[in-house]
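Engineer: Generate coordinates for the entire structure from the input sequences, incorporating the hints supplied.
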Amino acid sequence: MERVPILKIGRTLFVSIQIDLQDDTVMRLQEDLADELAATGARGVIIDITGVEIVDSFIGRMLTTIGSVSRLFDAETVIVGMRPAVAITLTELGLTLSGVRTALNAEKGLEILNGRP
Amino acid sequence: MDVDTSKGRMAAYLRDHHDKVVGRWSELVAAGVRGRTSPDEMRRELDDLFSLIVRMLSDADDHAAGELRAALDELSRTRARDGYTPSETALNVFSLKEAVYELVADAAEMVPEYLVFSRMVDDLGLRTFETYSAAREQIISDQATTMLELSTPVVRLWDGIIAVPFVGTLDSVRTQLVMEKLLDSLVATGAGHAVIDITGVPTVDTEVAQHLLKTVSAARLLGAECTISGIRPQVAQTIVSLGIEFGDIATKATLADALSLALQQAGLKVVRA
Amino acid sequence: MDELRIRSGDDVVRVRQQVRMAAADNGLSLVDQTKLVTAASELARNTLVHGGGGAARVEIVKSANGRTGVKLSFTDEGPGIDDIDLALTDGWSTGAGLGLGLSGARRLVDEFELISKPGTGTSVVVVKWSR
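One line per chain: the protein sequences are E, B and X, in this order.
Note that the first sequence covers residues 1 to 117 in our numbering.
Note that the second sequence covers residues 1 to 273 in our numbering.
Note that the third sequence covers residues 1 to 131 in our numbering.
Each hint should be verified, as a subset may be incorrect.
[What the hints assert, rightly or not] For lysine-lysine, the following BS3-like pairs were computed, each having C-alpha atoms within a straight-line distance of at most 30 Å:
1. X:Lys71 x B:Lys214
2. X:Lys62 x B:Lys181
3. X:Lys71 x X:Lys117
4. B:Lys214 x B:Lys181
5. B:Lys181 x X:Lys71
6. E:Lys108 x B:Lys214
7. B:Lys269 x B:Lys181
8. B:Lys7 x B:Lys97
9. E:Lys8 x E:Lys108
10. B:Lys252 x B:Lys269
11. E:Lys108 x B:Lys269
12. B:Lys252 x B:Lys181
13. B:Lys181 x E:Lys108
14. B:Lys20 x E:Lys108
Keep in mind the hints are simulated off the structure, nothing from the lab.
Just so you know, these numbers come straight off a predicted model, no measurement behind them.
Structural biologist: Here it is in structure tokens:
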């Protein structure tokens, strides 16, 4: 099973997903992030899904779960780079990912984490 | 004489009189379309059809029938695209009967064969009509989509603030189009605020409200904050009476108010020079 | 016509890729491709997780007025669904993650048919047409 690498820069954890996501991969990512947050005390998580073509209800809910788990470690999660087609599909599915912040790209995601609008 | 034998004899007859039949057929069709196509051009098209028809009559095998149907469907679609009327299109097929009748009129022994043949051609003619209708509907629907595209501009109000108008009745097709344009624009401009103006929407009922909510939902997934502008007094009353909740989505009466709010949210201030 | 088995997470990924190719090759817009592949992902997962494994079929179909469409069939020999109406209502769930699966998938496609009986498995057939 492929593992999504987690990068730490300053107080932020960066995850860039480039592969076709399998269920186990996402679940593994969630576990790995929890471990990293606990180990590093990072205050923010940026998940870049620019390269993700499909987000179905399972993966969508996983992203929300990651947000909830991160919050327990007092970290905020921002999902960045969602493709328009994916956003339209998720909306049609009824998923709003209301538990996480979203932004157009990693740069804007960082602005959110650093408290700027 | 059974149907298959009739068909077989007609097939042989047609083969023997190939040139005469196709020639006369082409003349009749060309005349019927008022000279838009020359008999020679017509002839080339009809020649292929003729061969397929003869094959179908003599083989009575599914291949020939399938190919003939496909060829006729293609002909109908082309005629539909080129603006021919349904009658002109069906004429392409029905005039074959006339061309053949002129020949067998004197040969009394071909009457039973002609009857079977005539019935077959009738079916083919009706089929072209069906395909023609379907093709026209598709063209109309394509045109409607184009008009939709043209009437949905996305405007950049300010750095980071874009606006998109919803005009006319809101259905799911239109909503999807607006969503796509809005989201593509957010990515292209890097905007963080979107104003969705509904001044041009005559009525807002539960269905329309749902489309609006979907649009806002999608824009938020791309990190954009949304404001709905253009709420007219009657619309406001309808929304409340229907119990529609816009939740945490800001709504304003005018575009100006919405721009003011968006600027504020973006941390910008307008100051007198 | 392709038949793909669904017995593992890898298979679900493979189904998505096949559906993506079929959709792209047959004139579906990008958004429609995404919707169809997402629906396929939901249905394939259902087949794996709740149907105990099964198979998927990808076919290209043509409508009466000449439009091309992609037709997907998902079958399993699992326990079947007791209450179909309930399964198709939003928010129904027999286990983690099923909730939006079926009703969500239905909203993403143009045609949707579900046949299921407890004890005889489930079959879902969907079609998405090019515009």
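Engineer: Hint by hint, note whether the structure agrees.
Structural biologist: Hint by hint, here is what the structure shows:
Of the supplied pair hints, the one linking X:Lys71 and B:Lys214 holds, its CA atoms being roughly 27 Å apart against a limit of 30 Å. At most 30 Å may separate the alpha-carbon atoms for a hinted pair to count; X:Lys62 and B:Lys181 meet this at roughly 29 Å. For the given pair, X:Lys71 sits about 22 Å from X:Lys117 by alpha-carbon distance, which is consistent with the 30 Å threshold. Between B:Lys214 and B:Lys181 the alpha-carbon distance is near 14 Å, which keeps this suggested pair within the 30 Å criterion.
For the hint pairing B:Lys181 with X:Lys71, the CA-to-CA distance comes to about 28 Å; that is within 30 Å, so the pair holds. Between E:Lys108 and B:Lys214 the alpha-carbon distance is near 23 Å, which keeps this suggested pair within the 30 Å criterion. Between the alpha carbons of B:Lys269 and B:Lys181 the distance comes to roughly 28 Å, so the proposed pair stays at or under 30 Å and holds. With a CA separation close to 14 Å, the supplied pair B:Lys7 and B:Lys97 stays within the 30 Å bound.
Proximity of E:Lys8 to E:Lys108 is assessed by CA-CA distance (about 17 Å); at most 30 Å being required, the pair is judged to hold. Distance hint between B:Lys252 and B:Lys269 is fulfilled; the C-alpha atoms sit about 19 Å from each other, no more than 30 Å. For the given pair, E:Lys108 sits about 21 Å from B:Lys269 by alpha-carbon distance, which is consistent with the 30 Å threshold. Annotation: proposed proximity of B:Lys252 to B:Lys181 holds, straight-line Cα distance about 22 Å (limit 30 Å).
Distance hint between B:Lys181 and E:Lys108 is fulfilled; the C-alpha atoms sit about 21 Å from each other, no more than 30 Å. Between B:Lys20 and E:Lys108 the alpha-carbon distance is near 77 Å, which puts this suggested pair outside the 30 Å criterion.
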